Amino acid sequence: MNQLVIGQYVPGRSLIHQLDPRAKLAFVFAYMILVFFANNIASYGLLLFFSACTIYLSQIPLRIFSASLKPILFLILVMILFHLFLTKGGQVLFHFSFLTIYEEGVRQAVFISLRLILLVLTASLLTFTTSPMDLTDGLENMLHPFTRFGLPAHEFALMMSIALRFIPTIWDETEKIKKAQMARGADFESGHIFRRVKSYIPVLIPLFISAFRRAEDLALAMEARCYRGGINRTKLRELHFSTKDLGLVIIFAFLVLGICLLRE
Amino acid sequence: MEIVIKNLNHIYMPGTPFERQALQDLNMQISSGSFVAILGQTGSGKSTLIQLIAGLMSPTSGNIQIGSYHLTPNSKERLAVRKHVGVVFQYPEHQLFEETVVKDIAFGPRNQGLSEKEVTERVQMAMEMVGLSPELGDRSPFQLSGGQMRRVAIAGVLALSPEILILDEPTAGLDPHGKSELLNTISKLHKERQMTVILVTHDMNDAARFADYLFVLARGTCELEGTPGDVFKEQDHLVQFALDLPDITRLINQLNRQIHPPIPTNIFSMNELENHLIERLKKVVSL
Amino acid sequence: MEPIIQVSNVWFKYPGEDPSVEYFVLRDINLSIGIGEYVAIIGPNGSGKSTLARMFNGLLLPNQGEIKIAGLATTTLENLWDIRKTVGMVFQNPDNQIVATTVRDDVAFGLENLGVPRSEMQKRISRALEAVGLSGMEESAPHYLSGGQKQRLSIAGILAMQPKVVVFDEATSMLDPQGRKEVLNLIASLHQSGTTVVHITHSAEEAFLAKRILVIAKGQIQLDLPRDELYKQSINLEKWGLEVPLPVQLHQRLIKRGIPLTDHVKSTEDLVMQIWKLLSKT
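Residue numbers (UniProt numbering), protein chains in the order written: chain X, 1 to 264; chain S, 1 to 287; chain C, 1 to 282.
No lab work stands behind these hints: they were computed from the structure.
Check the hints yourself; a few may be wrong.
In the BS3-like style, the derived pairs of lysine-lysine whose C-alpha atoms are separated by at most 25 angstroms in a straight line are [claimed, not checked]:
1) C:Lys164 to X:Lys235
2) X:Lys179 to S:Lys83
3) X:Lys176 to S:Lys283
4) C:Lys277 to S:Lys283
5) X:Lys235 to C:Lys123
6) C:Lys281 to S:Lys283
7) S:Lys103 to X:Lys178
None of these values were measured; they are calculated from a predicted model.
Given the sequences, and given the hints that come with them, work out the whole structure.
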């Protein structure tokens, strides 16, 4: 594969890598909710400072994080423009014919983009520092209590891990089929959007057919290896809750306290 | 159309930790109407090379001249080249997508903007070339046998009526019978229509039997080239590139350990070997 | 001794097909394979060889007749897990049989299914990876492995389950020569360590590496012979669309042209000697 996939695991041995995936999952979930409570410079500042610390601790190069922000740049831009021109309130900062920019508009534009950046950085931190297997195991483990209400936690986790396993394979295959159709004169680049979507049909159909074939093969191989669902299964990976993970609870408590004090 | 490749380099993902040089100062010349084979291990740069010749990627540096076209890093002629070069990729049946055999084969000619009449003619011609009976035309390609599906896919490329045909491991996964049928078809096309054929293969038997010139690629450059007789003489060299000898050459080598004077090693067909031995045996055995 | 695989009067057709005889993929197959044997099953595409292989561990069940693995019938549902534990299977496409995102987790998959305790699992995984030469690659993502390495990983996943039989269902047909060599070497060493090996292939060259060769075509076993016996008769392989070893082809051609050679050649060396003797008469 010739491209870095967004959300790819970056192996390492940092403190963040070593945390229990369940602790990380729970923390990230709670932290994302917390982000929505920040509403002024001080509270956003606290969260930005905290995220910067975690990024530093993860020992993952900054440019990998900035790469993860690239796909949402357009969204951020739209949000900024939206708030700049449409949110009213506070002092008028700029006025030119039909354009009026209010103080509140600038505030909102800054905060909304910060919020988006924080969310993406946090999610990226989780996927960069947690191997897919750990992630799915953590999820399965956390969802386990709900199995008694009929939630197929094991199947869900297995599905996720198989999907992660096959993403690069299918990505490569897409490239191959695209090239083959290009050699037969297919054009994926020109024309209006509708035509371009239509031009992908000769890629998508073979891709679906191959995905089904792979699924069939894989099911057979799994069955041959005695797979019969989650019952009586043991697990190679064991999850251990350590004192480091408890630390996350304390840090989170401080963050909540900080946000409560700082927000308006 | 002659192909002249000069100082060709191709680097994937330059400037990243994943940077990989696939081709390095490659020089090659493939004359018009010849049948050549490109040999080499996985990762030797074969598949990069054919994608560059087919105009599906731009090289990092260097030049590929195909007829009067020049493919260079910033060349705009890639699209034009694609009209003259047909590529059959590995497992080509995995690219079939249309409801019927005829529609699928017509995909290429349609993209070239030909009239309905011309498209129909091209489809008929291509089906005939690969030996698909016309009754199969309205069938779904997905209901055919593996060997037939591959023929449909190859017909889809031939319908573009390319002057240069590139085939990447066209016989992979076929049984011996299907294999020789397919290669005979291709050899016939080459002879009858003077099509330039570039066969990329791991199979030394196929290369020796069908190609008249061989290129051995290793680490992105051409390490060895010549007629099959010349190339397969370089046994020690080939071992270095983890390539085998054709079965028939191995048999001749085994015979030559006892027989003097040795049997020439530029024999690559059973008929030739048989006749050679008969000539010599005639002198000693009364037939 | 009781055979490890016993196939008696097996008929099979895929559901939905016409019930008349010609639609049966397998017709009245009888076969027994003993512990420790190295058997190749060779046949053209569509001959029914893969179908037969899939019956060896109950992935497919016969319409008629019976298959017993170590005395257990595949048709009895309760036996199925013991049978699949006994007969491991490596399939054709190296990509489509790896479940997990790391080498170690993939080898663990079968063991997890069997409920093997964790400490035992770790031992078995490192032994299996060592056996296939992938030690040190535990954390690698399958996507970055070569075709041959992927197939070896699949074999490790099977070996960790400690099967008595390993069936290779065209496991080399999608590999490059390098990968093919790796897998064939592994098959030979498995056989040496006492595992029963069944190798399904359409390559005569690969089949001749086994000790016993079954030729299957049109849903029936056409020949079932030790390797050396088959070599003599291998001109018949052509009838079934299979390749005939070159020395045998040459031998037949020379005889047809009236060269006084013996009716059968035992090996290439034998043929070479015979030709040499004739030529050195002068």
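Each hint tested on the structure:
At roughly 24 angstroms between alpha-carbon atoms, Lys164 of chain C and Lys235 of chain X fall within 25 angstroms of each other, so this suggested pair holds. The suggested pairing of Lys179 of chain X with Lys83 of chain S holds, with an alpha-carbon distance near 14 angstroms, which does not exceed 25 angstroms. A threshold of 25 angstroms between alpha carbons decides the hint, and for Lys176 of chain X with Lys283 of chain S the separation of about 57 angstroms lies outside it, so the pair is violated. The hinted pair formed by Lys277 of chain C and Lys283 of chain S meets the criterion: a straight-line CA distance of about 14 angstroms does not exceed 25 angstroms.
For the suggested pair Lys235 of chain X and Lys123 of chain C, the alpha carbons sit about 14 angstroms apart, so the restraint of at most 25 angstroms is met. Between the alpha carbons of Lys281 of chain C and Lys283 of chain S the distance comes to roughly 10 angstroms, so the proposed pair stays at or under 25 angstroms and holds. A hinted pair counts as satisfied when its Cα atoms are at most 25 angstroms apart, and Lys103 of chain S with Lys178 of chain X qualifies at roughly 18 angstroms.
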